[in-house]
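A.B. asks: These are the residues of each chain, in order.
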Amino acid sequence: MNVTRVLAVALLTAASTSFGQTPARRATGGPPNLTGVWQTLTTANWDIEDHQAEPGIPAGQGIVDGGQIPYTPEAAAKKAEHFKNRQTLDPEHKCYMPGVPRFMYMPFPIQILHGEKFIMMVSEYAHTVRRIHLDGSRHPDGFPSTWMGDSRARWEGHTLVIDSTNFTDQTWFDRSGNFHSDALHVVERLTPRGRDHLDYEATIEDPQVFTRPWKIRFPLYRRLERNVQLLEYPCVSFLEDEYVGSRGRK
Amino acid sequence: MRWLIVAIVVLAGVPLASQTPATAKPFVPKRTADGQPDLQGYWQWTGMSTGNQKRQLDVGLNAPDGSGLWAYSEGWRDDQRRQIQNTLPKGVVDPADGWLPLQPWAEQTKYDIVDNSAFPRSLADVDPQGRCMPSGVPRTNYALPYVGYQFLQAPGYVVLYTELNHQPRIIPLDGRPHLSSKIKQFLGDSRGTWRGNTLTITTKNQRVPRATGFGWLDMNATLYSEAIDVVEKYTLVNNDIIAYETTVTDPKVMTRAWTMAGTFVRAVKDWEVLEYACHEGNHAIENIRQSIELREKEKTQKK
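Residue numbers (the numbering used here), protein chains in the order written: chain A, 1 to 250; chain B, 1001 to 1303.
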C-alpha cells in the first residue's frame, strides 16, 4: 500500500467540508438545480377560478387559462354539488393529501430537493411528499393508484417536464369543489426565470370529467428569508386533538 | 502497517469494533455533485429482535439473520434476507447489558400500557405511530419491518425518507443554527455534518402528541418526552451497508443517556418505496373516538 497515497486519502476524507453551494447553473451550462424553498402567492387553494372575497377568504384572479374549467355537463353538476357541501366534502378538511397540482399551490412553502436522478418535493402541509423520477424511466404497469400520482420527469432545455398519472379520484383541485376522476393525467412544466422565480404551467387532462385538456399557470417564488426552512403543519395531530382532546389522557 | 490502518479508520470516523471483518481498507465512496459521500438509493433497516424483556427497545422484527422480516412477496423477502446479513452491532449497546435505563415510573407505565394494549382504556394506550402521528427520531429509522427508506442528496442537504407515513427528514449541512425551542416538531429539527464517511445528525426540538403527552420509541410503549435530544451517526461501511448508531438523552423518562446500533442495507434491485397513505386509510380514528365516548357514557350511567 502506498503510504503517501493512503495518508492523502485519509486526510481528505477526514476534513470536515461544508457542502451546499447551490450552483445557479452547472459548469457544463446544463439545466439549473431547483433545490430551494418555494411558495406560490396565488389564492388558488381556495378557488382556482376567478373568485371574489368572502369572510376570511381573499379575492383571487384565477390560474386557469381562458378563465373557466371545461367540465362536461354531468361533471359541472357534480362540481356544483361539491361547492354546496364543501365544508364537509373537501378532503383538505380531513387532512388528506392534496394530490397534484394542488400540492404546488397550497398556502404553505414547498421544498424541492433536486438530486441527479431523482427529485423530491416536500410540502410543509402534513409532510406531504412528491417523488419524481428523473432517470428516464417510464410509468410502471400495475402499481396501485395513489393520492400523489406517479411522476416521471425529463428536461427540455431549461424546462423540467413532469408527467404524472396513476391517481385516485379522491383529491380536489381546491376548496371550491373542482375535481377529477382516476383517469387524471397532469403534465407540468417548470421553467426558471432568473434565480428566484419558477414559471409553472400544468396541463390537466381527464376525459371522464372535462371536454378537453386545460391549463393552469402561476409563478413560484423562492423564499429568501435567512436560514429559511420547511417547518411542520401536523394536520393529523390537530384532528386527533379535536376528536379526542384531553380525554385522550388517562 | 497496523498503526496506519488504525489511524485511517479513526480519521474516517468508523469505530474499529464495528467494521465487518472483510473491510480492513477504508471505503472510498462515490461523491455527489457537491462533494458529499453518496448514500443515495433505497435501503432496508436491519435491527434486532428482542426477547420478551419488556425493558428492551423493540426495534422491529428483523433478527440479524433476517428472520422475522415481513414482506408481501416471498421472492423479495428471500433475496433481501440473503443480502442483509452482516455482523455489525445491533440493538442497545450502552448500557452494555442491553436494558434501557428507564425511570421507575416510565418502566411501570410501559408494562401497564402493554398489558392493556388489546383493550385500550384511552388513546394513551394506543401507539401514536398507529394513529398516524409521525414516528419521531430515532424511531423513524426502524418504524416498521416491511417498509423501507429512500435516501436522497441535493446540494447542501441529505434527505432521509421513511416510506411509512411519508416521513421526510431534510438535513441541512450548511452549519445554520437550530430553530429556537419555541418551534417543536414531530420529526424534530436536524442539522448534519459529514466527517469522513460518517454523517452526524443532531436533532432537537421534538414534540409529542398533545392528546396523550408522550411519544413512543417502539411498539411497546417505551415513552419519550419533549426533553428528548438525539445524536445519530450514519457511516458508509461499503456500497451496500450503512452502520447506524444513535445516542438518546431524555431526562424526563430515562435515568441516563443510552446508545443503540443497527444497519441499513441497500435494497435488492428493482425495489423501491411506494406511497404509504397512513391517515387516508385510518378509519380507526373515528371508531376510537366513538368507543371512548361510549365508555365514558357507561361510566357516568353506572354512577
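Quick caveat, the hints were computed from the structure, so don't treat them as lab data. For glycine and all other residues, C-beta sits at the position ideal for the given N, C-alpha and C. Hints are not guaranteed to be accurate.
[Claimed, not checked] Stretches of chain B that chain A covers, calculated by requiring three or more beta carbons in the stretch to come under 8 Å of a beta carbon on chain A: (1) 1031–1043; (2) 1137–1148; (3) 1151–1163; (4) 1179–1189; (5) 1248–1258.
A.B. asks: Determine for every hint whether it applies to the structure shown.
C.D. replies: Each hint tested on the structure:
| no. | hint | verdict |
| --- | --- | --- |
| 1 | 1031–1043 | holds (count 6) |
| 2 | 1137–1148 | violated (count 0) |
| 3 | 1151–1163 | holds (count 8) |
| 4 | 1179–1189 | holds (count 5) |
| 5 | 1248–1258 | violated (count 0) |
In summary, the structure is inconsistent with hints 2, 5 from the numbered list given earlier, while agreeing with the others.
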